[in-house]
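**Q** Counting in our numbering, the sequence shown runs from 177 upward without gaps.
These are computed hints drawn from the structure, not numbers from a lab. Accuracy of the hints is not assured; some may be wrong.
[What the hints assert, rightly or not] With a cut-off of at most 25 angstroms between alpha-carbon atoms, the simulated DMTMM-like pairs for lysine to aspartate or glutamate come out as follows:
{"hint": "1", "residue 1": "K257", "residue 2": "E220"}
{"hint": "2", "residue 1": "K257", "residue 2": "E272"}
{"hint": "3", "residue 1": "K207", "residue 2": "D291"}
{"hint": "4", "residue 1": "K207", "residue 2": "E279"}
{"hint": "5", "residue 1": "K207", "residue 2": "E272"}
{"hint": "6", "residue 1": "K267", "residue 2": "D202"}
{"hint": "7", "residue 1": "K207", "residue 2": "D194"}
{"hint": "8", "residue 1": "K257", "residue 2": "D291"}
{"hint": "9", "residue 1": "K267", "residue 2": "D196"}
{"hint": "10", "residue 1": "K267", "residue 2": "D297"}
{"hint": "11", "residue 1": "K207", "residue 2": "D297"}
{"hint": "12", "residue 1": "K207", "residue 2": "E269"}
{"hint": "13", "residue 1": "K257", "residue 2": "D202"}
{"hint": "14", "residue 1": "K267", "residue 2": "E248"}
{"hint": "15", "residue 1": "K267", "residue 2": "E279"}
{"hint": "16", "residue 1": "K257", "residue 2": "D196"}
{"hint": "17", "residue 1": "K257", "residue 2": "D194"}
{"hint": "18", "residue 1": "K267", "residue 2": "D291"}
{"hint": "19", "residue 1": "K207", "residue 2": "E220"}
{"hint": "20", "residue 1": "K267", "residue 2": "D278"}
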Amino acid sequence: MSFTTGGTTRWMSPELLDPDQFGIRDPRPTKQSDCYALGMVVYEVRADAIPPTRTTVRLMCQVLCGNAPYWEITNGGAVIKAIMDGRRPQKPETAESLGFTDELWGIVQRCWSADAGARPDVRTVLSYLNHATWSWETRQLM
């Protein structure tokens, strides 16, 4: 494994962690690796983590579990191994009550695909987040 780039391991895509395994000669972040990280951010953010302001993006306040990716693994090397072995975070049991629907979970899982080309673009992810926020707000008003 040739770890050649800087970054925060728990949010890094497999191809950035081990570019040789994916045949990448220039291991720079890409739109696809950014999408992988966005999926991890969606997994992590929780409603009380962002102070409410006019500029706060409300949809980010609606999602999710409040745990860092791979929170249960304390060793950095073990985190890298888990990512490279294809392990991804599990959907929290209470996620549905926070608006983390099966549909949103599906898009987050697509963000985490080991195949960078199979990941959605950011516009697609934002569209799902916008829909998830609307659904969550509608449920809260009822």
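**Q** The structure should be examined with respect to each hint, and the outcome stated for every one.
**A** Results for each hint:
1. K257 x E220: Holds, at roughly 20 angstroms.
2. K257 x E272: violated, 29 angstroms
3. K207 x D291: holds, 13 angstroms
4. K207 x E279: Roughly 22 angstroms between the alpha carbons, so the hint for K207 and E279 holds.
5. K207 x E272: This hinted pair is violated, its Cα atoms lying about 28 angstroms apart.
6. K267 x D202: violated, 33 angstroms
7. K207 x D194: The hint holds at about 17 angstroms.
8. K257 x D291: Cα-Cα ~17 angstroms, so holds.
9. K267 x D196: Not satisfied, since the Cα-Cα distance of roughly 30 angstroms exceeds 25 angstroms.
10. K267 x D297: With a Cα-Cα distance of about 21 angstroms, the restraint between K267 and D297 holds, given a limit of 25 angstroms.
11. K207 x D297: Satisfied, since the Cα-Cα distance of roughly 8 angstroms is no more than 25 angstroms.
12. K207 x E269: violated, 30 angstroms
13. K257 x D202: holds, 21 angstroms
14. K267 x E248: OK: K267 and E248 at ~14 angstroms, within 25 angstroms.
15. K267 x E279: holds, 12 angstroms
16. K257 x D196: Holds, at roughly 15 angstroms.
17. K257 x D194: Holds, because 10 angstroms separates the two Cα atoms, which is no more than 25 angstroms.
18. K267 x D291: holds, 21 angstroms
19. K207 x E220: Judged against 25 angstroms, a Cα distance of about 20 angstroms means the pair holds.
20. K267 x D278: Between K267 and D278 the Cα gap is close to 9 angstroms, so the pair holds against 25 angstroms.
Hint compliance for this structure: hints 2, 5, 6, 9, 12 are broken, all remaining hints hold.
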